[in-house]
Amino acid sequence: MLSQPSAGRADTLPRCYRQRQVTTAWESLLIGLQADQYDITSGAMDITPERQKQVVFADGWLESGGVVVVPSNTSIKTPADLKGKTVGALASSTFAKIAEDKGATVKGYKAETDGIQDLINGNIDAEITDAIGAGYMIKSANMPLKVLPDFVSHIQKGFAVKKGKPELVKAVNKALADMIADGTYAKLATDLVGFNPAPKDPIKSIVQ
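Using this note's numbering, the first residue of the sequence shown is number 1, and each one after it goes up by one.
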């Protein structure tokens, strides 16, 4: 099981599954999954049609979106102002593509925290990242940054599993459903980010 801090819990899977956590770079997540280096990713990966061709996602477990993070004293007011600017984003992420489509020069990072630090240091003009992660980082560390009010994307996120493991996908879906039903999910999420981001209409698995 590949783990990302705060993205998954060690007890998400039923007890019949023994777990070993592996840490890897974001851009090689799916490569490692296809190579059987781990069985499932617990990072907050966007569920996109392109990725659904490569892997099977468990039911969507988090609903969020991309936002633009800028210095508190910036002249950037809307996402349209990113044209011609240098914008950071996680390498190989959907956010990097969004920045490119906005006409920005994209600087890719292996970790979103590296991009945030570059933004604080004045090395980039903005960063596109997940709304939940951005809000948590800025609030918890009292960073001199702010989030623009307009979303640049809206997406559900899910755990990715290599095709051909339907029983694992079903087990994850059941564990998630149980955590949502008994209030565990809401409590964990609210303690961490201040609200419950569980999708009201989760994208369902296409089990293969």
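Hints may contain errors.
With a cut-off of at most 25 Å between alpha-carbon atoms, the simulated DSS-like pairs for lysine-lysine come out as follows [stated by the list, open to error]:
id : residue 1 : residue 2
1  : 53        : 204
2  : 170       : 146
3  : 146       : 174
4  : 53        : 165
5  : 102       : 77
Label pairs and their computed distance ranges (CB to CB) [unchecked claim]:
id : residue 1 : residue 2 : range
6  : 75        : 22        : 36 to 44 Å
7  : 164       : 49        : 13 to 21 Å
8  : 123       : 196       : 31 to 39 Å
9  : 75        : 139       : 35 to 43 Å
10 : 77        : 181       : 20 to 28 Å
11 : 72        : 35        : 39 to 47 Å
12 : 97        : 22        : 21 to 29 Å
13 : 204       : 84        : 36 to 44 Å
The hints are simulated quantities; they were obtained by calculation from the structure and are not laboratory data.
Please read these numbers as outputs of a predicted model, since none were measured by experiment.
From the three backbone atoms N, C-alpha and C, an ideal C-beta is built for every residue, glycine too.
Consistency of the hints with the structure:
1. 53 with 204: Distance of about 14 Å is within 25 Å: holds.
2. 170 with 146: violated (39 Å)
3. 146 with 174: violated (37 Å)
4. 53 with 165: Since the Cα atoms of residue 53 and residue 165 sit roughly 15 Å apart, the hinted pair holds (cutoff 25 Å).
5. 102 with 77: Answer holds: residue 102 to residue 77 is near 14 Å, not above 25 Å.
6. 75 with 22: 36 to 44 Å: Holds, at about 42 Å.
7. 164 with 49: 13 to 21 Å: Holds, at about 20 Å.
8. 123 with 196: 31 to 39 Å: Once the Cβ atoms are compared, 35 Å apart, the range 31 to 39 Å for residue 196 and residue 123 holds.
9. 75 with 139: 35 to 43 Å: violated (24 Å)
10. 77 with 181: 20 to 28 Å: violated (42 Å)
11. 72 with 35: 39 to 47 Å: The hint (39 to 47 Å, Cβ to Cβ) holds, given that residue 72 and residue 35 are roughly 43 Å apart.
12. 97 with 22: 21 to 29 Å: Once the Cβ atoms are compared, 26 Å apart, the range 21 to 29 Å for residue 22 and residue 97 holds.
13. 204 with 84: 36 to 44 Å: Holds, at about 41 Å.
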